[in-house]
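Visitor: Put together the whole structure using the sequences plus the hints.
Just so you know, we're using the working numbering here: the sequence shown kicks off at 10 and counts up by one.
Just so you know, these hints were derived from the structure itself, not from any lab. From the three backbone atoms N, C-alpha and C, an ideal C-beta is built for every residue, glycine too. Keep in mind that the hints are not guaranteed to be accurate.
[To be verified] Beta-carbon label-pair distances, calculated as ranges:
| no. | residue 1 | residue 2 | range |
| --- | --- | --- | --- |
| 1 | Glu-27 | Gln-435 | 51 to 61 angstroms |
| 2 | Glu-420 | Glu-27 | 28 to 38 angstroms |
| 3 | Gly-416 | Ala-246 | 33 to 43 angstroms |
| 4 | Lys-296 | Gln-247 | 38 to 48 angstroms |
| 5 | Glu-205 | Arg-419 | 32 to 42 angstroms |
| 6 | Gln-209 | Glu-420 | 31 to 41 angstroms |
| 7 | Leu-325 | Gln-237 | 29 to 39 angstroms |
| 8 | Asp-290 | Gly-356 | 29 to 39 angstroms |
| 9 | Ser-143 | Gly-413 | 33 to 43 angstroms |
| 10 | Gln-247 | Gln-430 | 42 to 52 angstroms |
| 11 | Lys-296 | Gly-413 | 43 to 53 angstroms |
| 12 | Ala-363 | Gln-209 | 51 to 61 angstroms |
| 13 | Glu-27 | Leu-377 | 26 to 36 angstroms |
| 14 | Trp-366 | Lys-296 | 21 to 31 angstroms |
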Amino acid sequence: MAKPQPTDAVFVAVHPAEAEIEAFFAGTLHSPIRLRVFRHLLAGCAECAALCRPVLAGHALAFAPIPSKDDYDAPIDQAFARLREQVGSWGALVGLPSAANAPESGAATHPPDLEDSLWVKLAWVDRLVRVARSMRGGSLADYTQFATEALDAALALAEREPNETLLWDLAARSRAERANAWRLAGSTQAAIAELEAARQEAGKGSEGLPLLVEIASLEASAFMDGRQLGQAEILLAQLETFHRATGDYEALGRTLMQIGNVAYFQGAYTRAATAYVVAHDNLIIAKQNEVAGFAFKNAVDALVRAGLYAEAGQLLPDLRRCLEPHASPIEIRKLRWMEAKCVAGVGCVVPAAAELWRLAGEFGAMGLPYHQALVVLDLCGIWLYQGLYAEIADASGHLVRTFGELGIEREALQAIFLLKQAAVQQRVTDKHLAAAIRQVEGLQTRPARC
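Guide: Structural data, given as structure tokens:
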């Protein structure tokens, strides 16, 4: 039975903490707290609405602060003032040994004064950009903050030194990193617009094609996230040609993973599998063994999606050897899940069902309800094959209750409810099951790691 929900009056009365509001917009707040914050903001609380603008300033272009057009010196002063304020907490991250402070090292360990030479300021901005880049996959708030500080400083310096091409290179790099942070936060269209601006800035710089290629790779990811797959394909084809010509096996492997992702999203699973396998081969040459393992996993997953269970099964022993040294406990369970689906696909449904049942319990114990739901739905596919309608009804009923408490999107909840009703009436079909799986998968991130 679903837990009783607080009334709207309770949601309005209990103000969320500022940290909860920030986590809500960053997409890291968990249910049911996320639902409480959402309802509170939706009710029109003026006090909490006032907190939203500074929080959103780090995540969305529409809320970014705009400096006065009448003041050309203020941005550089403000940027370095903010850096001075935060250098205490950032010192451990961006600091270098004293020997690295020599001019030839090209690095500074503290925000420079305005009287410092231009190379010191350039080195500091470059350091910020490199730190921002190192945060890909980490905290979105910190990633955005470092990229924004670097961009503010680069643009402000460019106002004073418009002919310094290195400044435009740094501005383009920092803007591209901030755009990538926005993409990861879900602001896809804003990210695409920022990357276009980054390309324009790169055109004023001196680095040329290598920087444009790096920006294009981020643009391809943004187009994929925005499901603008045609534009992503055009960019990726150009990047593949470039990396083949330069012999950069790592960059080629990563580009081929993106090409595989596009084919995966289009439902062209055999084509995706081919791209992933070639990506794996190039990444192995580049000694990027961990990423190569995930490329191989994506290839096997695509073959399973295509219904080529025997072909996928032949690759599974190699996949386990490739992946196990680098895989997390979740990834190991995903591998077992894939193995169970291959076993079921070739007709050995009893051991497959037993393994899926174990995995559902393990994902549940790990607090991963979406993974658990997808495993249960795969198990329902076996029960449908065996004509076990009562088991399907019980399992889907449990998923309805679980997801009802989590407050998931209505479409996913409705698809699971329709599956339950059809099972009760013993009229469930593959279409009911496929619809439920598709909706639950839609709640998750992209299918392939890149």
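Visitor: Tell me if the beta carbons of Glu-27 and Gln-435 are separated by a distance inside 51 to 61 angstroms.
Guide: Holds - the Cβ-Cβ distance for Glu-27 and Gln-435, about 53 angstroms, lies within 51 to 61 angstroms.
Visitor: That 29 to 39 angstroms hint for Leu-325 and Gln-237 (C-beta), does it hold up?
Guide: Given about 34 angstroms between the Cβ atoms, the range holds.
Visitor: Is it true that Gly-416 and Ala-246 lie within 33 to 43 angstroms of each other by Cβ?
Guide: 41 angstroms, holds
Visitor: Is 31 to 41 angstroms respected by the C-beta to C-beta distance linking Gln-209 and Glu-420?
Guide: 39 angstroms, holds
Visitor: Quick check on a hinted range of 43 to 53 angstroms for Lys-296 and Gly-413, using CB atoms only.
Guide: Because 48 angstroms falls inside the window, the suggested range holds.
Visitor: Could you say whether the range 26 to 36 angstroms given as a hint is met by the Cβ separation of Glu-27 and Leu-377?
Guide: For Leu-377 against Glu-27, whose Cβ atoms are near 28 angstroms apart, the range 26 to 36 angstroms holds.
Visitor: Quick check on a hinted range of 38 to 48 angstroms for Lys-296 and Gln-247, using CB atoms only.
Guide: 26 angstroms, violated
Visitor: Could you tell me whether the CB distance from Ala-363 to Gln-209 stays inside 51 to 61 angstroms?
Guide: 58 angstroms, holds
Visitor: Go ahead and decide if the range 21 to 31 angstroms is satisfied by the Cβ distance of Trp-366 to Lys-296.
Guide: 39 angstroms, violated
Visitor: Note whether the CB distance of Asp-290 and Gly-356 lies within 29 to 39 angstroms or breaks it.
Guide: 32 angstroms, holds
Visitor: Does the Cβ-Cβ separation between Glu-205 and Arg-419 fall within 32 to 42 angstroms?
Guide: 35 angstroms, holds
Visitor: Is 28 to 38 angstroms respected by the C-beta to C-beta distance linking Glu-420 and Glu-27?
Guide: For Glu-420 and Glu-27 the Cβ distance comes to about 32 angstroms; the hint holds.
Going through the hint list in order, the structure does not satisfy hints 4, 14.
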